[in-house]
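Novice: Just so you know, the protein sequences line up as chains C and D, in that order. Numbers given in the numbering used here equal positions in the first sequence, counted from 1, plus 17. Numbers given in the numbering used here equal positions in the second sequence, counted from 1, plus 17.
These are computed hints drawn from the structure, not numbers from a lab. Computed from a prediction, not measured in an experiment: that's the story for all the values here. Check each hint, because a few of them may be wrong.
Each pair may be met inside one copy or between any two copies, as identical chains are not told apart.
Claimed, not checked - Derived SDA-like pairs (lysine to any residue); straight-line CA-CA distance at most 25 Å:
id, residue 1, residue 2
1, LYS45, ARG121
2, LYS45, GLU25
3, LYS45, GLU90
4, LYS45, ALA116
5, LYS222, VAL24
6, LYS45, ALA93
7, LYS364, ALA308
8, LYS364, GLY113
9, LYS194, THR413
There are 2 protein chains.
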Amino acid sequence: MTRVTSVEIEDIRFPTSLTADGSDAMNKDGDYSAAYVVLRTDGLAPDGEPLAGFGLTFTIGRGNDIVAMAAREQAAQLVGMEVEEIVADLGAVYRGLTADSQIRWLGPEKGVIHLSLSAVMNAVWDLAARFAHKPLWRLLADMTPEQLVDVADLRYLSDALTREEAIGLLRAQESGKAERIAELERTGYPCYTTSAGWLGYSDEKLRRLCQEAIDAGYDHIKLKVGANLDDDIRRCGIAREVIGPDRTLMIDANQVWDVSQAIEWTNALAPFDLLWIEEPTSPDDILGHAAIKRGVAPIGVATGEHCHNRVMFKQLMQAGAIDFCQLDAGRLGSLNEIVAVLLLAAKFGVPVCPHAGGVGLCEMVQHISMLDFIAVSGSRERRITEYVDHLHEHFTDPCIVTDAAYALPSRPGYSTEMYAASVAEFRFPDGAYWAGRRAAEAAL
Amino acid sequence: MTRVTSVEIEDIRFPTSLTADGSDAMNKDGDYSAAYVVLRTDGLAPDGEPLAGFGLTFTIGRGNDIVAMAAREQAAQLVGMEVEEIVADLGAVYRGLTADSQIRWLGPEKGVIHLSLSAVMNAVWDLAARFAHKPLWRLLADMTPEQLVDVADLRYLSDALTREEAIGLLRAQESGKAERIAELERTGYPCYTTSAGWLGYSDEKLRRLCQEAIDAGYDHIKLKVGANLDDDIRRCGIAREVIGPDRTLMIDANQVWDVSQAIEWTNALAPFDLLWIEEPTSPDDILGHAAIKRGVAPIGVATGEHCHNRVMFKQLMQAGAIDFCQLDAGRLGSLNEIVAVLLLAAKFGVPVCPHAGGVGLCEMVQHISMLDFIAVSGSRERRITEYVDHLHEHFTDPCIVTDAAYALPSRPGYSTEMYAASVAEFRFPDGAYWAGRRAAEAAL
Numbered sequence: 018m019t020r021v022t023s024v025e026i027e028d029i030r031f032p033t034s035l036t037a038d039g040s041d042a043m044n045k046d047g048d049y050s051a052a053y054v055v056l057r058t059d060g061l062a063p064d065g066e067p068l069a070g071f072g073l074t075f076t077i078g079r080g081n082d083i084v085a086m087a088a089r090e091q092a093a094q095l096v097g098m099e100v101e102e103i104v105a106d107l108g109a110v111y112r113g114l115t116a117d118s119q120i121r122w123l124g125p126e127k128g129v130i131h132l133s134l135s136a137v138m139n140a141v142w143d144l145a146a147r148f149a150h151k152p153l154w155r156l157l158a159d160m161t162p163e164q165l166v167d168v169a170d171l172r173y174l175s176d177a178l179t180r181e182e183a184i185g186l187l188r189a190q191e192s193g194k195a196e197r198i199a200e201l202e203r204t205g206y207p208c209y210t211t212s213a214g215w216l217g218y219s220d221e222k223l224r225r226l227c228q229e230a231i232d233a234g235y236d237h238i239k240l241k242v243g244a245n246l247d248d249d250i251r252r253c254g255i256a257r258e259v260i261g262p263d264r265t266l267m268i269d270a271n272q273v274w275d276v277s278q279a280i281e282w283t284n285a286l287a288p289f290d291l292l293w294i295e296e297p298t299s300p301d302d303i304l305g306h307a308a309i310k311r312g313v314a315p316i317g318v319a320t321g322e323h324c325h326n327r328v329m330f331k332q333l334m335q336a337g338a339i340d341f342c343q344l345d346a347g348r349l350g351s352l353n354e355i356v357a358v359l360l361l362a363a364k365f366g367v368p369v370c371p372h373a374g375g376v377g378l379c380e381m382v383q384h385i386s387m388l389d390f391i392a393v394s395g396s397r398e399r400r401i402t403e404y405v406d407h408l409h410e411h412f413t414d415p416c417i418v419t420d421a422a423y424a425l426p427s428r429p430g431y432s433t434e435m436y437a438a439s440v441a442e443f444r445f446p447d448g449a450y451w452a453g454r455r456a457a458e459a460a461l
Numbered sequence: 018m019t020r021v022t023s024v025e026i027e028d029i030r031f032p033t034s035l036t037a038d039g040s041d042a043m044n045k046d047g048d049y050s051a052a053y054v055v056l057r058t059d060g061l062a063p064d065g066e067p068l069a070g071f072g073l074t075f076t077i078g079r080g081n082d083i084v085a086m087a088a089r090e091q092a093a094q095l096v097g098m099e100v101e102e103i104v105a106d107l108g109a110v111y112r113g114l115t116a117d118s119q120i121r122w123l124g125p126e127k128g129v130i131h132l133s134l135s136a137v138m139n140a141v142w143d144l145a146a147r148f149a150h151k152p153l154w155r156l157l158a159d160m161t162p163e164q165l166v167d168v169a170d171l172r173y174l175s176d177a178l179t180r181e182e183a184i185g186l187l188r189a190q191e192s193g194k195a196e197r198i199a200e201l202e203r204t205g206y207p208c209y210t211t212s213a214g215w216l217g218y219s220d221e222k223l224r225r226l227c228q229e230a231i232d233a234g235y236d237h238i239k240l241k242v243g244a245n246l247d248d249d250i251r252r253c254g255i256a257r258e259v260i261g262p263d264r265t266l267m268i269d270a271n272q273v274w275d276v277s278q279a280i281e282w283t284n285a286l287a288p289f290d291l292l293w294i295e296e297p298t299s300p301d302d303i304l305g306h307a308a309i310k311r312g313v314a315p316i317g318v319a320t321g322e323h324c325h326n327r328v329m330f331k332q333l334m335q336a337g338a339i340d341f342c343q344l345d346a347g348r349l350g351s352l353n354e355i356v357a358v359l360l361l362a363a364k365f366g367v368p369v370c371p372h373a374g375g376v377g378l379c380e381m382v383q384h385i386s387m388l389d390f391i392a393v394s395g396s397r398e399r400r401i402t403e404y405v406d407h408l409h410e411h412f413t414d415p416c417i418v419t420d421a422a423y424a425l426p427s428r429p430g431y432s433t434e435m436y437a438a439s440v441a442e443f444r445f446p447d448g449a450y451w452a453g454r455r456a457a458e459a460a461l
């Protein structure tokens with residue numbers, strides 16, 4: 018019998034604002050951060066290493082401590098639980114955490130308490146996969162349709178997707194699983210890069226990074242837009258010139274527009290042949306996204322990185338408001354909610370193109386896209402996963418991207434463990450980096 | 018010149034779980050709590066007292082410290098600001114707090130950071146009203162249409178309500194303001210009571226409290242439902258029997274149902290002649306509420322206490338999903354967002370019946386309902402405000418309810434100041450009550 022003996026919650030911040038990495042029209046100076054959860058146990062993993070679970074959610078700086086505080090409150094109820102009991106019913110663990118009515122009041126199922134739930138449940142899922150000695154995608158892909166539906170949170174979804182429909186969707190993909198796994202082993206899962214197009218980069222840097230992206234094999238490039246239309250026209254022109262007519266260009270406005278402005282601005286950029294406009298307006302505006310979709314077609318509408326739960330995704334799909342579902346592995350309630358959204362997307366025929374970048378999101382979404390292809394949608398058509406080449410060096414099992422494709426993860430877990438040295442250096446406010454920076458600033 | 022010199026943030030909790038006050042199908046054991054914000058200044062109010070602002074948001078226990086932490090982060094930027102500058106542009110203060118992109122990431126505009134924004138901005142509005150030596154409703158009612166629209170947050174609303182339309186709505190009510198103020202001075206604003214119907218109360222207590230409500234002059238009674246249909250049928254039967262056929266009965270399910278279950282359960286209770294079903298499902302489910310509204314008519318659908326921002330209310334109205342708008346003074350971003358929702362409701366013809374109860378919500382919503390009648394909708398038709406007779410004794414300027422109507426507040430401010438003795442007793446975890454309870458428990 019193995020027990021969870023303790024929980025460690027860390028506030029990790031990387032000083033990305035110094036180089037304008039991650040800058041966009043809404044978020045100009047983020048320090049990419051992670052509320053990081055470690056579940057320690059008194060047992061060993063099958064490989065003889067101490068068994069633990071590592072999970073995180075992503076934020077952009079101040080306030081990461083608030084998420085860490087909420088994670089501490091939620092994770093406390095896991096201490097003392099048997100690991101065998103946890104892995105036997107991962108749906109029950111999730112329901113236990115979300116049924117806490119006093120904490121639920123602070124959402125419900127949104128904002129800080131849902132970000133922190135994600136970090137905690139991501140650690141639980143990592144623990145479960147390590148206990149089974151499987152990469153997370155395989156732990157899930159090996160489940161029967163009934164088992165997979167049992168971990169999914171279908172509450173409030175029954176008007177769009179019943180349990181029986183969900184099982185039917187999964188059954189339909191049962192026969193081709195082995196073949197699709199083999200296919201992923203050969204070719205990986207296609208991805209696009211956002212690294213070229215942050216808003217804070219100069220035209221020269223944009224041009225150089227677009228060329229480097231092509232040289233690295235990318236066929237899809239995404240630019241941040243929305244601060245100034247003339248700048249956007251010039252930047253889209255540079256990108257299109259460098260990538261040529263046959264590669265794909267997407268744009269991302271990070272929520273800065275009202276509905277009619279989104280339609281006008283996007284149509285003004287239409288000559289640059291765009292696959293999608295991402296986050297054109299408030300992430301809460303389901304009906305607004307539907308109006309924008311009608312107003313900018315054939316350019317597609319993509320959103321999801323700030324879509325806070327499955328009930329919102331349900332409606333985005335019911336309203337025909339999105340062409341691409343960009344779910345976020347640190348904002349939804351981990352696999353319990355993500356599997357529900359994958360099932361909804363399969364039902365409604367909406368391709369899932371997860372949001373990534375930040376800290377550790379790429380490490381997580383590779384498992385999700387693989388699972389979607391293997392067991393849920395069974396398709397990679399019109400699907401492409403985000404990739405940003407930042408901060409992977411802090412992870413013990415970083416994602417591997419070659420020729421614009423994520424390689425199928427092979428090591429046990431959810432790929433979310435950070436090096437102890439990285440934690441020690443970038444822990445806020447007492448890590449070596451931050452202590453040193455404060456000392457340097459004080460000396461000025 | 019007067020400056021904000023310091024901010025105090027307190028975590029106040031009242032042990033309401035001991036008596037099942039506030040119990041419903043989702044929330045069984047809440048301790049009614051407030052994240053309480055005090056803005057101190059170096060100036061005096063017109064009455065010669067030290068000028069300060071007091072604001073709060075309401076939670077139900079654990080996690081109140083998380084909201085307090087977020088409020089501390091947000092309120093810090095107010096310290097050092099000139100009060101004259103704050104009151105001259107309350108829209109700018111709000112935009113300054115909401116434009117903080119690192120904190121915004123944790124919502125955006127929802128959950129913990131929006132609850133805490135509410136507490137902080139409620140203190141700012143209380144400060145502004147005390148500085149003007151007016152009750153808050155009058156500070157707002159005395160504004161010109163342009164001034165009132167300038168403080169309202171209309172971002173993301175322009176597809177439903179333009180600035181020009183908003184000004185036009187307010188202009189149309191200009192002429193009758195004085196008459197309506199006089200009317201409120203005579204008769205107050207009608208309210209209903211939820212005190213009778215908490216789920217944890219016995220049948221005998223329900224019967225007695227319904228009778229007491231009638232004796233106190235109430236024509237509207239609300240019951241909590243949703244845990245067990247047989248119990249609900251019996252409890253609705255008791256309530257209808259006591260109140261007779263001519264008074265009004267409402268029910269509240271606190272989000273426990275999926276869409277189809279909400280329709281079935283509500284229709285099963287239809288024989289008891291219900292005005293509305295409140296919170297039938299997830300507060301995020303705009304399209305679900307629209308389906309429920311179609312499925313239970315002529316029973317109305319009411320929701321809003323967990324509706325997290327104006328973008329959600331916009332859609333609830335665009336989709337024709339609600340018959341009654343129950344905005345919450347501790348969940349929306351204070352008057353800046355509440356005025357926007359009042360304007361949307363006036364445009365769409367949806368009556369506003371604010372959520373109250375908890376801690377301090379009744380004190381706040383009286384100002385909102387008065388403002389709505391005086392300056393925005395100009396009507397009390399089909400409008401009734403919630404009232405719960407709990408915890409008012411902790412406020413220095415408590416709401417006064419007689420003959421089932423709120424009296425027009427007359428003292429300067431937002432009625433949100435708590436007695437220092439109450440703060441000292443119920444501050445968590447070090448207040449006298451909680452320290453004493455821990456000592457008593459340790460002695461067992």
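Novice: Now, for every hint given, state plainly whether the structure supports it.
Specialist: Against the structure, the hints come out as follows:
Taking CA atoms no more than 25 Å apart as the test, LYS45 paired with ARG121 passes between copies only; the shortest distance there is 12 Å, against 31 Å inside one copy. Proximity of LYS45 and GLU25 under a CA criterion of 25 Å is satisfied in neither setting, with 31 Å inside one chain copy and 30 Å between copies. In the homo-oligomer, the alpha carbons of LYS45 and GLU90 lie at most 25 Å apart only across protomers (19 Å), although the nearest pairing inside one protomer, at 31 Å, exceeds that limit. In this homomeric assembly, LYS45 and ALA116 come within 25 Å of each other (Cα to Cα) only across copies, at 11 Å, whereas the closest approach inside a single copy is 36 Å.
Taking the shortest alpha-carbon separations for LYS222 and VAL24, neither the intra-copy value of 43 Å nor the inter-copy value of 44 Å comes in at or below 25 Å. In this assembly of identical chains, LYS45 and ALA93 lie within 25 Å of each other by CA distance solely across copies; the values are 21 Å between and 35 Å within a copy. In the homo-oligomer, the alpha carbons of LYS364 and ALA308 lie at most 25 Å apart both inside one protomer (22 Å) and across protomers (20 Å), since each shortest distance falls under that limit. When the C-alpha separation of LYS364 and GLY113 is checked against a cutoff of 25 Å, the pair qualifies neither within a copy, at 28 Å, nor between copies, at 42 Å.
In the homo-oligomer, the alpha carbons of LYS194 and THR413 never lie at most 25 Å apart, since the shortest distance is 28 Å inside one protomer and 67 Å across protomers.
Going through the hint list in order, the structure does not satisfy hints 2, 5, 8, 9.
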